[in-house]
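Participant: Guided by the hints, dock chains W, H, E, R and Z onto chain X, whose structure is given.
Protein chains: 6
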Amino acid sequence: MFAVEVSDQIMIAHSFRGAVFGPAQQLHGATFVLRAAFMSDRLDDNGIVVDIGRAQEVLKATLVPLNYRNLDDLPQFKGVNTTTEFVTKYVFDRLAEAARAGQLGRNPNELKAIRITVLESPSASAWYEAPL
Amino acid sequence: MFAVEVSDQIMIAHSFRGAVFGPAQQLHGATFVLRAAFMSDRLDDNGIVVDIGRAQEVLKATLVPLNYRNLDDLPQFKGVNTTTEFVTKYVFDRLAEAARAGQLGRNPNELKAIRITVLESPSASAWYEAPL
Amino acid sequence: MFAVEVSDQIMIAHSFRGAVFGPAQQLHGATFVLRAAFMSDRLDDNGIVVDIGRAQEVLKATLVPLNYRNLDDLPQFKGVNTTTEFVTKYVFDRLAEAARAGQLGRNPNELKAIRITVLESPSASAWYEAPL
Amino acid sequence: MFAVEVSDQIMIAHSFRGAVFGPAQQLHGATFVLRAAFMSDRLDDNGIVVDIGRAQEVLKATLVPLNYRNLDDLPQFKGVNTTTEFVTKYVFDRLAEAARAGQLGRNPNELKAIRITVLESPSASAWYEAPL
Amino acid sequence: MFAVEVSDQIMIAHSFRGAVFGPAQQLHGATFVLRAAFMSDRLDDNGIVVDIGRAQEVLKATLVPLNYRNLDDLPQFKGVNTTTEFVTKYVFDRLAEAARAGQLGRNPNELKAIRITVLESPSASAWYEAPL
Amino acid sequence: MFAVEVSDQIMIAHSFRGAVFGPAQQLHGATFVLRAAFMSDRLDDNGIVVDIGRAQEVLKATLVPLNYRNLDDLPQFKGVNTTTEFVTKYVFDRLAEAARAGQLGRNPNELKAIRITVLESPSASAWYEAPL
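Protein chains in written order, with our numbering: chain X, 1 to 132; chain W, 1 to 132; chain H, 1 to 132; chain E, 1 to 132; chain R, 1 to 132; chain Z, 1 to 132.
Please keep in mind that the hints were generated in silico from the structure rather than gathered at the bench. Don't take every hint at face value.
A pair holds if it fits inside one copy or across any two, identical chains being indistinguishable in the list.
[Stated by the list, open to error] Keeping only pairs whose Cα atoms sit at most 20 angstroms apart, straight-line, the calculated EDC-like set for lysine to aspartate or glutamate is: (1) K78 x D45; (2) K112 x D72; (3) K60 x D8; (4) K112 x D44; (5) K60 x D45; (6) K60 x E120; (7) K112 x D41; (8) K89 x D44; (9) K78 x D44.
Predicted model only: the values in this text are computed from it and were never measured.
Same shape as in the complex, but just chain X (with noise of 0.2 angstroms):
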């Protein structure tokens, strides 16, 4: 299997609710480092995944919506907990979405899976992936 990733960044307000999380039930924030790996069993004619540039513009224009804000304040977020897990879920779905529209410029059906690493800090992280 081939692999290609990209990364970008965020800085993001939020709090949590629940007992769990101790201090970070207060308002605090965020920079989220955000890797978007794409996945394909056989490289393009070009011999590629997909174009880098291309596939960090489109992790970028997932992001713009979601930076320098405060994720407690967004409606799509109403109720939820925007955990670092919650967020690579989150990204993952409108990758996802963007991939199967053909905006990465590779034939849907030849992606096979994506990989959405979040980096809260140098100490922890979180990643989802699953089939496209």
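Facilitator: Coordinates of chains W, H, E, R and Z only, in the frame set by chain X:
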């Protein structure tokens, strides 16, 4: 599949037996940066795989008996080469026990796998991954 | 000149006032990775600048009141933009006080300078360095 | 599954054919950081997957013919785009040959898979993983 | 002294003349990760050295003419070895011009120095620092 | 001022004497990542401070006698704590000797300073910088 990964580090001495190890047969040491990834196919009601803070505590508790020690002197390692690979499996076994005992705060049946990565230097690492 | 540098991190929310900040005028957040370097022109009798463990404790104690907080809400930051640069100087001032009070375990007269580096993302950082 | 991963790097020039590559159709270059992971489901009698030192030597030997070269000039790459993805597979094939020839010092039947990762910049990478 | 540092990267080809360079006399290439640090002894009324976003734009504008190019072909580099050291000074000169022309949004008299760091690989880098 | 920095690493065992070291008084070890920076106020006729390849060889030659050793056993370290700080100065002295002996291929009068950085873990490092 979702995963959450936390990291910590230890500074240990050890030596290896076997001609394949060359100069590493001498007593030397390493900073081992350890990453522990916990995997689940769904998030719990809080929107997490496991609590990152608790995962860091469990990892640290596992490492305390090894940190600042000569592994050659520890009874649990008598007669074995405490290679980077060996350490991945040793820490895996301890964290698997903790997970099954509920110490990670997640129903053990909902944790599917653990992966332990050990980075011994910028140019060499090892990992062990297995189902729970 | 010798230096010893330790690091830690905080996750904070804040907003900025001033058109120059563009979208960062909105409430957002950051993971700040902080590095504190202590400088001396000679080592003490133990062969150290300051004890690394103690330096890490002093740095962490300085950061606890900021971690998991919205800096806009903290009285000590009323009316200021808590920019990355500002945070470098704020932490410098706290660590300089700690150094002068002997909390680092080294004669304050033998510590020459402190440098605080704050990394807000993989592509942006700031630092402040001054004599003690 | 156990894995051991070693890394090395090369500095190469090349150009791409195909409108999708935009400015990368021009002759340019890259520092490729290569990571080679060798996987096995059990450790050998020494407690290792493969010897890290030997793995580093085999990886370096594979890279010497590419390092400090214009890949467009090399006969083995005539008519292909030497994309990051392509390079992952090319190095995989060389290391798979080495593994099957016993050059890694481990019974080839006991090595299950190889993964080659190529980092072309802090924000883009590719990998190829396949069974042996 | 305060500093703000931003980073970007380019992928270039080049070759060197001089026996000291050994195999690097051949046409090869590099990913250059560039960091530009701007220094000032006081923050402006917004609490910054320079706006990070604007600094990133100015750095990127400086790099566009070099990115995805063979530096041997560029008229401004005729007859010089475009070593990592040379590139640090070349980018310094461009950013010093931009700073003096007010393009960084800060009074040039209040910017004291610039440091340009170029990382050519995980094991080699260069920098140039000088007053403005 | 120009600088060129190269890096390498060693894996050593050692122990410390002095209550300040707490558990590090036990025999333990470390991976020390060493960076050596050579500084000059002008480039030579080849456009370099020193040749990166030669600098890497000189650094490695300096480290060979320490690598894979218990520093407590080495006669040159009898009666000293081989702290991270101590190691920065020890390597500085060896590289300063090499520089003055012309082993770096640059006129010693044109090398102004050397800085040695030792990273002992992701969260702690030390450096020593002095004129030549």
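Participant: At most 20 angstroms between CA atoms: does that hold for K60 and D8 within a copy, between copies, both, or neither?
Facilitator: both (7 angstroms within a copy, 16 angstroms between copies)
Participant: If the cut is 20 angstroms between Cα atoms, do K78 and D45 qualify within a copy, between copies, both or neither?
Facilitator: Answer is between; shortest inter-copy Cα gap is 15 angstroms, intra-copy 44 angstroms.
Participant: Is it within a copy, between copies, both, or neither that the alpha carbon of K112 lies no farther than 20 angstroms from that of D72?
Facilitator: Neither: 33 angstroms inside a chain and 30 angstroms across chains, both beyond 20 angstroms.
Participant: Evaluate K112 and D41 at a C-alpha cut-off of 20 angstroms and name the case that applies: within, between, both or neither.
Facilitator: Answer is both; intra-copy 7 angstroms and inter-copy 18 angstroms each pass.
Participant: For K78 vs D44, is the C-alpha pair at or below 20 angstroms within one copy, between two copies, both, or neither?
Facilitator: Result: close only across copies, 17 angstroms inter versus 40 angstroms intra.
Participant: Up to 20 angstroms between alpha-carbons, please classify K112 paired with D44: within, between, both or neither.
Facilitator: Classified as within: same-chain Cα gap 13 angstroms, cross-chain 27 angstroms, threshold 20 angstroms.
Participant: Could you figure out if K89 and D44 sit no more than 20 angstroms apart (CA to CA) within one copy, between two copies, both or neither?
Facilitator: Classified as between: cross-chain Cα gap 14 angstroms, same-chain 27 angstroms, threshold 20 angstroms.
Participant: Since the copies are identical, ignore which copy is meant and state whether K60 and D45 lie within 20 angstroms (CA to CA) inside a copy, between copies, both or neither.
Facilitator: Neither, since 26 angstroms and 29 angstroms both go past 20 angstroms.
Participant: For K60 vs E120, is the C-alpha pair at or below 20 angstroms within one copy, between two copies, both, or neither?
Facilitator: So K60 and E120 pass the 20 angstroms test inside a copy (17 angstroms) and across (18 angstroms) alike.
Of the numbered hints given earlier, the model fails hints 2 and 5; all others are met.
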